[in-house]
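Modelling step: build the complete structure from the supplied sequences, incorporating the hints.
Quick note: the sequence shown, position 14, residue 13 per numbering that gives the first Met the number 0, numbers continuous.
Please note: incorrect hints may appear among the correct ones.
Estimated spans, in silico, between C-beta atoms of each pair [claimed, not checked]: (1) Asp28 with Arg5: 31 to 37 Å; (2) Pro11 with Asp37: 18 to 24 Å; (3) Ala29 with Ile7: 18 to 24 Å; (4) Asp37 with Tyr12: 16 to 22 Å.
Hint data in this document are derived by calculation from the structure and do not stem from the laboratory.
We treat Cβ as the ideally placed atom computed from N, Cα and C, and that holds for glycine.
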Amino acid sequence: MLSGGRGIVQLPYQTIEATARGGLKDFEDACGYLEFQDDQTE
0 MLSGGRGIVQ LPYQTIEATA RGGLKDFEDA CGYLEFQDDQ TE
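If you want it as structure tokens, here you go:
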């Protein structure tokens with residue numbers, strides 16, 4: 000059985016340029032947080 004973290008877990012994310020270019024050339028720039036609730040595993 001899997002167990003998630005205790006409490007709310009927030010993970011920041013941000014797209015970055017490498018060989019692809021942001022600004023709608025290859026992808027739309029994005030940033031924000033992924034949020035997982037107490038004991039969430041997926």
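Status of each hint after checking the structure:
no.: 1; hint: Asp28 with Arg5: 31 to 37 Å; verdict: holds, 33 Å
no.: 2; hint: Pro11 with Asp37: 18 to 24 Å; verdict: holds, 19 Å
no.: 3; hint: Ala29 with Ile7: 18 to 24 Å; verdict: holds, 21 Å
no.: 4; hint: Asp37 with Tyr12: 16 to 22 Å; verdict: holds, 21 Å
When each numbered hint is compared with the structure, no violation occurs for any of them.
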